[in-house]
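Novice: Sequence:
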Amino acid sequence: RPEAARRDLNRLLKEYPESPIVPKALFRLGAHALATKPAAGGIQILEDFLRRYPSDPLAAEALYVLGRHYWRENRPVEARKYLLPILSFHPGSARFPEAHLIIGRTYEEEGFAEKARQIYDQLLDIAAPQEVLVEALWRLGWSFYQSSQFAEAYSAWQQGASLTSGTGDGERFTYWQARTSEKMGAHGQALTLLRNLLERAPFSYYGHLARYQLEQKGETTEQHWPKPRTDPDLLPPPLDSWSQNPRVRTALAFLHLEFLSQARRELDVLSKELPEGSESRYWLGELYSRGGYFLQTFQNLSRYLQQVAVEKRKDLPLDFWKKLYPVSYRKLVMRQASSQRLPVPLLYAIIRQESAFQPKAVSRAGARGLMQLLPGTAQELLGKSRHIQPQDLFDPGTNIALGSKYLAKLIQSYSGKIPFVLASYNAGEQALKRWIPPDQTEMDTFIESIPYSETRNYVKNVVRNLLNYEHIYSSPDGRTARGGISLDKVWGE
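For what it's worth, UniProt numbering labels the leading residue of the sequence shown as 1, then goes sequentially.
Keep in mind the hints are simulated off the structure, nothing from the lab.
Any given hint could turn out to be false.
The calculated lysine-lysine pairs, modelled on BS3-like cross-linking and capped at a C-alpha distance of 30 Å, are [as the list claims (entries may be wrong)]: (1) LYS384 - LYS360; (2) LYS405 - LYS331; (3) LYS217 - LYS489; (4) LYS409 - LYS331; (5) LYS417 - LYS183; (6) LYS272 - LYS331; (7) LYS183 - LYS331; (8) LYS312 - LYS217; (9) LYS81 - LYS183.
Distance ranges between label pairs, derived from CB positions [as the list claims (entries may be wrong)]: (10) SER385 - LYS14: 20 to 30 Å; (11) THR445 - GLN412: 19 to 29 Å; (12) PRO129 - LYS272: 48 to 58 Å; (13) PRO54 - GLY166: 40 to 50 Å; (14) GLU73 - SER449: 51 to 61 Å; (15) ARG386 - THR36: 28 to 38 Å; (16) LYS360 - GLU18: 18 to 28 Å; (17) PRO451 - GLN391: 45 to 55 Å; (18) LEU124 - GLY188: 57 to 67 Å; (19) THR441 - LYS384: 37 to 47 Å; (20) ARG247 - PRO91: 48 to 58 Å; (21) LEU381 - PRO451: 24 to 34 Å; (22) SER449 - THR36: 28 to 38 Å; (23) HIS387 - THR167: 47 to 57 Å.
We put the beta carbon where it would ideally sit given N, CA and C, even for glycine.
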């Protein structure tokens with residue numbers, strides 16, 4: 001209750017103006033109010049804080065919070081008004097590196113590429129967290145790439161790749177090193193980078209892009225991207241302590257009796273007790289999968305996957321990948337895919353990303369159900385034929401039917417270009433209108449250029465999900481109808 005808190009704070013300011021808790025309380029109130037709508041109250045409180053306490057240790061944080069807010073509101077000049085003083089007056093602040101990064105982004109977005117590069121170069125010369133340095137190298141390379149300065153882009157991304165080997169960021173740097181090599185005419189180098197990326201990370205977003213680029217060049221990629229194997233011996237053996245664990249035995253008994261909520265409680269406690277890097281994460285994911293708790297299945301299998309050497313992940317058995325990419329609600333999905341003429345893997349890809357197959361999932365924005373529909377969007381789809389209640393969207397049949405209808409509408413609107421469809425599904429059609437370039441651009445470039453990191457990552461993840469579903473369930477013992485989906489179809493070409 002910000003209004004009540006502000007009244008209490010005003011009373012505190014009058015009665016105890018010198019109290020050491022006042023600055024911290026004022027800052028926290030402002031930061032909280034800024035995160036709610038309308039944000040004007042939070043801005044006013046934080047500006048009041050800066051006027052009263054310009055030398056307080058939290059002053060740099062207040063400047064950063066205000067600058068980041070204006071940057072997210074696409075108001076770069078106002079953003080720099082608050083961020084530049086951090087560089088001048090708070091060089092020891094923890095926000096010093098991040099302020100550089102956002103200032104660089106504001107210059108980029110205004111078209112001042114040279115100013116942006118100067119900021120990123122400055123950032124590379126200071127002590128900054130690795131994730132900030134990695135992002136600075138990425139932004140520096142991207143700025144050069146957009147300006148067709150390919151040698152400079154390659155150099156920045158080569159540095160980034162050396163910092164991030166074996167990670168998702170490393171895959172991104174490697175892929176764009178390959179694309180830059182191609183632009184420079186270094187075709188052999190590009191092919192080597194793409195082959196290595198596909199060999200090491202075939203199920204990742206950038207692995208799929210590498211496969212597409214190789215096939216566009218006439219290469220056969222099956223030798224780099226084989227079907228998932230069916231050999232269970234590649235899984236970790238059950239540990240003796242695991243099989244004797246009382247919680248495991250209790251959870252197994254509850255699962256056998258179909259007392260799923262009781263089994264879930266035992267597994268949740270067990271999850272907290274297991275070491276982060278334990279091979280037993282695989283078996284914990286297996287037990288969650290038996291209970292239909294897909295989010296927890298994904299979390300534990302993903303943690304286990306991080307322990308598997310990148311080059312060996314493609315050798316995991318088919319059953320592992322089916323648990324990581326399940327096909328629940330099959331009849332409902334197949335019915336709506338047929339009715340709306342949608343690819344089955346696309347529906348599964350979206351449901352997996354939106355809700356992890358949790359029918360009662362609710363987002364912070366109020367989106368509900370398997371396909372995370374807003375009640376207002378659902379009502380627009382139904383028109384006057386039926387009045388829908390928000391809780392109706394928790395019904396899987398209703399949610400998948402309306403979500404499929406909305407998806408089909410977007411596919412028609414954007415001529416089958418799936419990245420446009422997904423960006424609109426996540427961020428809204430008005431946002432997408434601002435992002436679609438006026439001139440024809442390569443689709444991988446469009447995706448990297450999406451300014452909202454949440455939407456950019458969402459599009460990448462759903463494209464990855466889509467192609468993984470297609471690949472996994474087109475295997476000999478797959479049960480989902482094969483859609484014949486390839487990246488040229490995803491791009492709408």
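Novice: Could you tell me which of the numbered hints above are not met by this structure, giving the numbers in increasing order?
Specialist: Violated hints (numbers, rising): 6, 7, 9, 10, 12, 14, 16, 17 and 18; every other hint is consistent with the structure.
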